[in-house]
Structures are given as C-alpha cells and as structure tokens.
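**Student:** Below are the chains, spelled out letter by letter.
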Amino acid sequence: MDLSQALETVSRSDPGMVRSHNEDAVYLNPALGLAILADGMGGYNAGEVASGMVTTLLGSELGKALTLQEPYLFDSNGQRRANGLLEREIERANHAVYQAAQSQPQYAGMGTTLVMAVFYDNSMTVAHIGDSRLYRLRGEEFIQITRDHSLLQEQIESGMLTVEEARHSQNKNLVTRAVGVDPLVEPEIHDYATQPGDIYLFCSDGLNDMVEDEEIGATVQMLSANLELAATQLVQLANDNGGRDNVSVILVRVRQSYPAPRGVIGWLARLRAWFK
Amino acid sequence: MAKLILSMDNLMLKEISLTKERTTIGRKPQNDIQIDNLAISGEHAAIVTILNDAFLEDLGSTNGTQVNGQPIKKHFLQNGDVIELGKYRLKYVNEAQPQVSQADFERTMIIRPDMAQKLADQSNEKAPMGDTQTGMSTNHFSPPPSHLATEPATPPAPSPQAPPSVLQPAVSLRGAIQVLTGVNAGKELELTKTLTSLGKPGVQVAVITRRPHGYFITHVEGAVFPSVNGKLLDAQAHPLGDHDIIELAGTKMEFFLKS
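Chains as they are written, first to last, in this note's numbering: chain V, 1 to 276; chain H, 1 to 259.
The following block holds chain V by itself, in its conformation from the complex:
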C-alpha cells in the first residue's frame, strides 16, 4: 500500500553554526511510511559513519521487509508485527555498527541515537534510543512523545531535578543508550494511533537544546500549512539561537486516514507487491 498520498513528509539536516561536520542523518520513505533520524557521535567522521550506517541499513532492510509483510497484523505475542520487525532490524543495525567500531580503529567508540516511526493502518510504531525526539501536534496540543534516554531525564524521573532545574544542568548531552556502542541494544518501542491532521516532528537535540519546546510547537502550528517552510524555520531558529550542534528535523503530516487493505483487496495488493 502506497502511503505517499496519506502522508506529507519533509526533512532538513544542517551542520549548525559551529560544527564543521554534520553527524546527523535522516531517511524518508513516504510510500512505505518510514521516517528515520539518527544523531551520531564519535571522533573524526565516525559519528557520521554510525548515523549514516543506521539510517541506510534500516531504510533498505525495513523497505524490503515492509513490502512483503503486513505490519498491522498481530504476531503470536499479540503485538503488531511492526514491533518485532523494528526490534529485529535495529538489533541488526546495532550489530553492524558495533562490528565496524570494533574492527576499524578509526571508528572505535562511535555510536548514534535513533528515533524512527513506521506508519501503517492509521497508526504508527515508534522506536527510539538516546535523546533524539518525536513530538506530535494534534489540534492545539503539542507534546513530546518519546522520553529521552539521558542522564538528565533519569534525574528528572527520579525526582532529583525538576524540568526547570534541568535547563540549568551542566550535564547535557549524556545519553544512557546508543546504537552501536555495545553488542546489544534495547530500543524503546511503542504503538500509537494517528489522526488525520496530526503533524509529527522528529528532531535531533540540536533543535530542542537551542529552542524551547513552546517555541518549537508554536512554529509548527503557525506554519502547519507549509511544512517545507516550517522545517526551514525550525533549523533557522536553532541557528539564530547559536546553532551549537547539528540540527535535523523530519515533519510528517497525516493528510487522510490510511486503513490497511484487508481481505481480498489486501491479498491482491500483496500479490502485486510480490511480483513487482
């Protein structure tokens, strides 16, 4: 099922005002309902390698898998197949980055954050690792959907810090999970129902460290009629505020509902996809 009619997508990735390299990577496949964003880390150009590997691998492998499998069906654990699919492919991508980091001295210690979603059947499965985020604008409400895997977030959750205090912390940018730094990684995966009109924002910390959430939300809302402009404006805001890190954003608007084709129609669609 081609989702490019139902989903409008745009992305931007910018090195920012200070860094010479862009260690972020983004991948979009609107037809398959796939959006992936990664923020790499590691010396020299290793960060770019890690984030590039993960987005490319996940993009191509999930691309193959999604044309053959129906992500909306339930597996034997009572979960949507998309969950297991993401878990498996993220594990494989993690392994690939970890192996590269182990075998090539110049890549030692590299890793990357990850935030991604696959859209299907009026819903989406979101996976994330680290401090790259997913936000949702629904009507007037702009909320953060993912919770960072970071030291600050853990301190907030344990009550050591309030959200307000966390803004003054000197311990920013310490993530507790990342892809490719250990043989195994645990992604956080959840399903969400989507609604026509929803706008999803995926971003690296270069955006939310430089621009307050309220301002990000107001920008997306005010420019919701023009996603291209909204994406450009978000990057520009981060850069106008100093642009100390790479900035990447993906915006996805749900234009209309996209129920999965079921029964004979679904079967025919799969058959067609199979012969393609």
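Just so you know, nobody snuck in bad clues.
In silico DSS-like cross-links for lysine-lysine, where the CA-CA straight-line distance does not exceed 25 Å:
id	chain 1	residue 1	chain 2	residue 2
1	V	Lys172	H	Lys3
2	V	Lys172	H	Lys74
3	H	Lys3	H	Lys73
4	H	Lys28	H	Lys14
5	H	Lys14	H	Lys87
6	H	Lys231	H	Lys187
7	H	Lys74	H	Lys14
8	H	Lys252	H	Lys193
9	H	Lys20	V	Lys172
10	V	Lys172	H	Lys91
11	H	Lys91	H	Lys73
12	H	Lys258	H	Lys187
Simulated coverage check for chain H against chain V, where a stretch passes if three residues somewhere in it have a Cβ under 8 Å from a Cβ of chain V:
id	stretch
13	52-58
14	203-217
Source of the hints: derived by calculation from the structure; they are not laboratory data. Computed from a prediction, not measured in an experiment: that's the story for all the values here. The C-beta atom is built at its ideal place from N, Cα and C for all residues, glycine as well.
Got chain V; can you put chain H on it based on the hints?
**Tutor:** What follows is chain H alone, placed relative to chain V:
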C-alpha cells in the same frame, strides 16, 4: 571543577574543591569538611557531585541548612549559591564549564548504565534511576567508574564566523506593522515574537520572522503571493526595510521600525 569557599563574618577561611562524589559537612572529624562549632550537627549536610552538577542535601541537622536565605532539604546547586550553616557560609562556585571548550563539551556522549547506577546509589535516592537494565551487560564489562565512552580529544573545528550569542538578537529596533486599508485600518501590531502570521488561514497567509539581523517576510499558503512595495514575492524569505508597504489578501500595511 566546582569548589566551595568557606567563610565566617565575611572572613574567608578555606577553599574546598568538590573532587569527591560525596562530600560531607559536619562537626565530627570524619566529615570531609569539618566545622567545629556547636551550631553545626555531627553530620550536617552532604553534597553529591554528578559529573558537572552538584546537589546539596541536609542530613536532618538540628539547626537546618539554608541556601540563599531559604531553608532547604535538598537543593540543586547553581554557581554563586550561598549555603548557610549557623554563622558559617559556603559559597558554591562552578565557573561555567562551556567556556572551557564549548563545542567539545556539548558533544553527545554515552554514559554507561552501570555508572548511572553507581551515581544513583551514591545519591541516596530511594527511587531507582530509571530503567538501567539495558542490553549493556555489566558482567563482561567493567569500565573504570568515571569512564565515559571515549570521545577522542580532537580539537573542535573553530567556527568560521563566531555564532551570535544565544537569545540576544542584534535587532535593537522593534519592528511593527500598521494596517493602512480595510476594516482594520489604523491598527498597529508590534512584532515582538520570532514569528507573526498575517492574513486569513486557508486564503492567504504570510509570516514575518524576527531574526538577529532583521525582519523577513515569507509566503506560507494561498494561491496568491503577497507583495512588498508592489513587487510580488517568490517562495523565498524577503528582508523587510523601514516603511516597506506589504500587500496581503487585499489589505495594505506598512512595516516600520521603532527605536
């Protein structure tokens, strides 16, 4: 490195670097900072240092602990905070880390879960520090306690042009819009926010952005583009000059700068 400056009656007594993960303050000799005064409890307070942040905790002292005049049980210390114990004052100094090597410091790094756990234990928190049972096994992995995944000490590339300082727009003049025609003629709108939208949603909308180096107008939606001084805009942002005339959805308005 953060430090404490101990003083009494404005007389500086001592300077203590916060090198330990837990620094205790009290009257008894086993404390890291011993203050031999009857107003101070045996074990009065403790400071837990987590990387570049420090947390002060009163350990149930008889006379209490104050920070900047307020009694506290727990407090997230900020540079310049003054801790008061009886007649003694401890000034917390944590000179902004970012000056050391901003770009390098702000790079994302991975912190090992076993380290986070260790810190959690030390901070005497009953609440667990989130879920730390990651796939990163602690068994065949035993990094030194203060080990952060390696970030090779490559010097950050110097920025070609110095970035503008945060949240300090160089726009000293305030932009404003005055409506010239239509029902709202005469109305004035100050452009204080970074984004101000003009027009009718679904028909024609433009947005004015306030940036460090000036104001810009951009077309957002609608088949017809707005014009500035009689010239139609394209999809690009267009800089606005003092007394520019904007025409949008049949309404004329003037952009001007106030001092």
